[in-house]
Structures are given as structure tokens and as C-alpha cells.
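Here are the chains, one letter per residue:
Protein chains: 2
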Amino acid sequence: MTAKSQHHWGADALDVLRAGPGFVLSDLDPSSTPGHPGSKSRGQDDLASGLAQLDQYQERLFARSRTTDAPDRVLLVLQAMDSAGKGGIVRHVVGAVDPQGVSIASFKKPTPEELAHDFLWRIEKRVPAPGMIGVFDRSHYEDVLVGRVRSLAPADEIERRYGAINDFEARLVDSGTRVIKVMLHISYDEQRDRLMERLERPDKYWKYNPGDVDERALWPQYMDAYQTVFERTSTEVAPWYVVPADRKWYARLAVQTLLLETLERIDPQWPAADFDVEAEQKRLAVT
Amino acid sequence: MTAKSQHHWGADALDVLRAGPGFVLSDLDPSSTPGHPGSKSRGQDDLASGLAQLDQYQERLFARSRTTDAPDRVLLVLQAMDSAGKGGIVRHVVGAVDPQGVSIASFKKPTPEELAHDFLWRIEKRVPAPGMIGVFDRSHYEDVLVGRVRSLAPADEIERRYGAINDFEARLVDSGTRVIKVMLHISYDEQRDRLMERLERPDKYWKYNPGDVDERALWPQYMDAYQTVFERTSTEVAPWYVVPADRKWYARLAVQTLLLETLERIDPQWPAADFDVEAEQKRLAVT
Chain S
1 MTAKSQHHWG
11 ADALDVLRAG
21 PGFVLSDLDP
31 SSTPGHPGSK
41 SRGQDDLASG
51 LAQLDQYQER
61 LFARSRTTDA
71 PDRVLLVLQA
81 MDSAGKGGIV
91 RHVVGAVDPQ
101 GVSIASFKKP
111 TPEELAHDFL
121 WRIEKRVPAP
131 GMIGVFDRSH
141 YEDVLVGRVR
151 SLAPADEIER
161 RYGAINDFEA
171 RLVDSGTRVI
181 KVMLHISYDE
191 QRDRLMERLE
201 RPDKYWKYNP
211 GDVDERALWP
221 QYMDAYQTVF
231 ERTSTEVAPW
241 YVVPADRKWY
251 ARLAVQTLLL
261 ETLERIDPQW
271 PAADFDVEAE
281 QKRLAVT
Chain F
1001 MTAKSQHHWG
1011 ADALDVLRAG
1021 PGFVLSDLDP
1031 SSTPGHPGSK
1041 SRGQDDLASG
1051 LAQLDQYQER
1061 LFARSRTTDA
1071 PDRVLLVLQA
1081 MDSAGKGGIV
1091 RHVVGAVDPQ
1101 GVSIASFKKP
1111 TPEELAHDFL
1121 WRIEKRVPAP
1131 GMIGVFDRSH
1141 YEDVLVGRVR
1151 SLAPADEIER
1161 RYGAINDFEA
1171 RLVDSGTRVI
1181 KVMLHISYDE
1191 QRDRLMERLE
1201 RPDKYWKYNP
1211 GDVDERALWP
1221 QYMDAYQTVF
1231 ERTSTEVAPW
1241 YVVPADRKWY
1251 ARLAVQTLLL
1261 ETLERIDPQW
1271 PAADFDVEAE
1281 QKRLAVT
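Quick note, the sequences are listed as chains S and F, same order.
Just so you know, the first sequence maps onto residues 1 to 287 in my numbering.
Just so you know, the second sequence maps onto residues 1001 to 1287 in my numbering.
There's no promise every hint is true.
Here are the simulated BS3-like cross-link-like pairs (lysine-lysine), alpha carbons at most 30 angstroms apart as the crow flies [stated by the list, open to error]:
no., chain 1, residue 1, chain 2, residue 2
1, S, Lys248, F, Lys1282
2, F, Lys1282, S, Lys207
3, F, Lys1204, F, Lys1248
Bear in mind the hints are in silico, worked out from the structure with no lab data behind them.
Chain S on its own, in the form it takes in the complex (with noise of 0.2 angstroms):
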């Protein structure tokens, strides 16, 4: 079972998507599809054969958790700009597999205790278990990134930061954890569109907040933050992974095609049975 053959992909995703050296995020379109030829009905279409995939995948890294000491987990970071789509990520990617396999941690603006300790105190406490898929909702990443942009921490507690990032997902990776980085790249424009779509329908107003238009105002430096992020971040062990976001089926297909990539290569195979199989028929069948 591979997770391309199944796929209008033309590459691997993890290569395609890749922030490596030399990355420029004002280079990347948001509109662009790379990897995929781009149409939504193909892309729909492989998102629906990807979700069985996936689903298979879950159970086995799940299962083999339960009866053996395999360390193996994934733990899926999702940063975006607001309204870049990471919700439709959780809700249509990952809430396609069986919920009892998948931890999510939505990491909103500091709790005066968490303040009080050092940024990844909150973080290590929401990292998955063996044979978990974790997400994170935004993430350790956000002190590097609102931390910088609003000056929240002094210039030389942001530089600090990134060298603990780093050495806490290589300890991440020692400890049997397939980390996946993915920022979802919109444009200025398309995030216009989605914020006005929400002050349109009532039933969107809830997800409307007046300070994001602040934000807004903050692009370049936030986009300027992103690029410090990947040439400081993008690691070795702890790749960081960009996803054109203006389509929303692309995205979702896109960090789908991630997730299955990686699993692929963990390929967790079903747990041999740790007792006599024919002793236990024998027992339960005179009960």
C-alpha cells in the first residue's frame, strides 16, 4: 500500500512541500498546487480515497501501540495566518480517522500560569503517546512568531527561542515521534474574502473577531517572522512543510498527502497476538 499510487501526486509530498535551504516564502504562490495537476474534482476524489488510507494507517499505529513497545506517533503542528484553513484540516482530514487515536491541543493566547513558566512548559505537556496522531493548533511556534511581531519577549528571548525549539523536537524525534511542520500559506487577499464572508452570514459571526483585522495590518512583519521561522526551524530531523492555502481542497489534500507519506514510511503492520490463539478459541468456547 503506498500512499502515491493512489494519488494524482506527481511527487512526494515531503520533497514537493518541503521548506529546505534556500526557501523564499514570497516566492510561493498561494494559489499555486504543486505536486498536483490541479484540478478540484481530482483533488476531491483523491482526498475521498486518501481518508480509507489514513483510517488504515490510524488503527495499525493504534493497535500496535496497545500490545507492543513501539514509540511510534505523529505529531501534525499546523501554524497558519487566521482563516488560512486549519480547522477544516482537523474537521475534514484528521476527524476523518476513529477520534480515540487522535489528541488535539488548540493553543490559544497564554494563561498568566503558563506565562509564568518558559513557552514550551504547555507545549511538553500536550505531546501524543505512542500510536497517537497529535495535533497541535497553532503551537510553540506562535512565541516565535506574535511573540516577535508584538515584541511580547525581548529580542534576545525570541533569538533563545529558536535553539529550544529545535532541541525539543529533536527530542521529539528521538523519542519515536515523526514530526510534521506545515504552515498554511494564504494570501492578503483571500483572507479579506474569508474574513468579510464571515461578517456575511450570522452563523460565522462567532468566528469573527475584530482584532484580526488588526493582525491584518501586521502582514509583512508576520510573513517576515514565517521566513525567520523556516531558515532557523526547517531542521534536518523536524522539516518545515508549506502548503499553498487559497484552495482549500488543495490544502487538505496536501497535508492528507503528508500525514499518509509519513506513515508510509512508519508502516506499522498489525501486532502479532501475544497468546495462544487456538488455547483462548478452546477457552472462550465452553464459557
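Got chain S sorted already, so can you dock chain F onto it with the hints?
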């Protein structure tokens, strides 16, 4: 929007399935389908049509909690003998809504740290926040079920726990939590079939535990312990619902209907905008 209107239920599930005064577990046929005509295909149609409703209610409940101080939340407590279908409920009923609005707590055998505290210590930490649908996959009831059957605590401690549970749940209800306590009721024969199936399929081995057969030998004692649980803890504010579970489609539909009727009583509405919509549209348009 009413839950009943789109279903083939003849009466409120909250009434039909309630373990009220005089309820006798051994009188309830695990293969029966109370409240429903009993056709599997109709039941599956009902389940599918209920999903969209559940989804809608869940999003409204969640939305309201983000922008108002509405305290409402739902806690679904699932208890059952092994293989009765708790996992399927989590997967196919709860798993159909946005995972961001769901918190699932699975309670295993207590750790030494948990045992060093009162039995409700680990439970309190997992109660759902406002706007959430929480699921307890096993719960504090284990401490008066296996706790009693296996004599894991002295008799007077078990006695104390019924009262402590009632106090705890009354407090949850007072703080805006709708507590839906469900026992999935399968028959002794159906359990044998389901365990046997796990022994016949290598992709199911991981779900089988030889200890399950040992527990099975204590079936009558467990049924007695459940009967006592209903007598002592099926309170006015947090009643028990006993769902015949030999037919998976029925059990799933029944739990979905319990959730729908509970959410219907909360009847969460989309929250009003707490900002000036027109002013925000203008402010956004010029960015």
C-alpha cells in the same frame, strides 16, 4: 428542528431508555429495540440523518461558548461489558462531529499515582469545558463495578462511593453539564461471538485480552453490580440509560438520539455579534 421528527422513534429516547425506579436489568432483552420499529435499514437511515443534526447542534453549542459565558456542555458516560460497542459509539456517533468540539477520556486500570488519590481525582481532571461534548470511555463507575466484583476496596468504601458519585454528578449538573450515563447492555452469548471474532481475525487480535475470559466468568456478579449502580446512582439530575446493544445499529442510533434530545433541550443558538458588523465590514474592506 426536533430530533424526533426526523427519526422513526415512537417516543422520547430519554424516557424510553431511562433506568427509573423499579428498573430491573435482567428484564431487559439485549436484542430488543425499544422506541424503534427495529428495521436495520431504517435504523441506518435514521443514523445518517441524525448525523447532520448532531453536527449542527454541536457547532452551535461550541460557538456559543466561545463568545458568551453560557456554561452548557454535555458529558456522555459509557459503561459496558467488554466488546459491547463503546468504541463503535465513539467512532460512529461522536466521531461524526467536529473533533475540536469533543474531548474523549478513556479510563484504564488506575496508575499507582491515581490510586494514591481519591477515586474521583483522575475523573475531575477530565470533565468537559463549556461548549464541549465530553465522552468518558469507562469512568468513575469502574470503581463501584470492578471495584466491587473484584473486592478492590473494602465494602464500606464501595458504599461511600455511591454517595460521592451522586454529589459529584449533582455538582457537574449545577455547573451546566448535562450528564448522559449509558450502559450498553449485551447478552452473554453475544459477547462470546464478538470475542470469538477477535480470535479469528489477525487485524483484531490486538483487541483481545485473555483477561476478558476471566471477567466473563464473573458475568452474574457484574450484572448484580450494575443493578446496584442503577438503584443507587440513577438520580433525578443524572439518570442512567440502559441501551440494548446486541444490535450495533440500534445501540448507535439510541445513543445518537439521547445526545440529540439532550442538545435539543439546551437548544443553543448562534451567538449574536459582539461587534458592529457594518463598521467591521468597512474597516476590513479598506485593507
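Hint by hint, here is what the structure shows:
About 26 angstroms separates the Cα atoms of lysine 248(S) and lysine 1282(F), which keeps this hinted pair within 30 angstroms; it holds. Of the supplied pair hints, the one linking lysine 1282(F) and lysine 207(S) holds, its CA atoms being roughly 18 angstroms apart against a limit of 30 angstroms. For the given pair, lysine 1204(F) sits about 17 angstroms from lysine 1248(F) by alpha-carbon distance, which is consistent with the 30 angstroms threshold.
Of the numbered hints given earlier, the model fails none.
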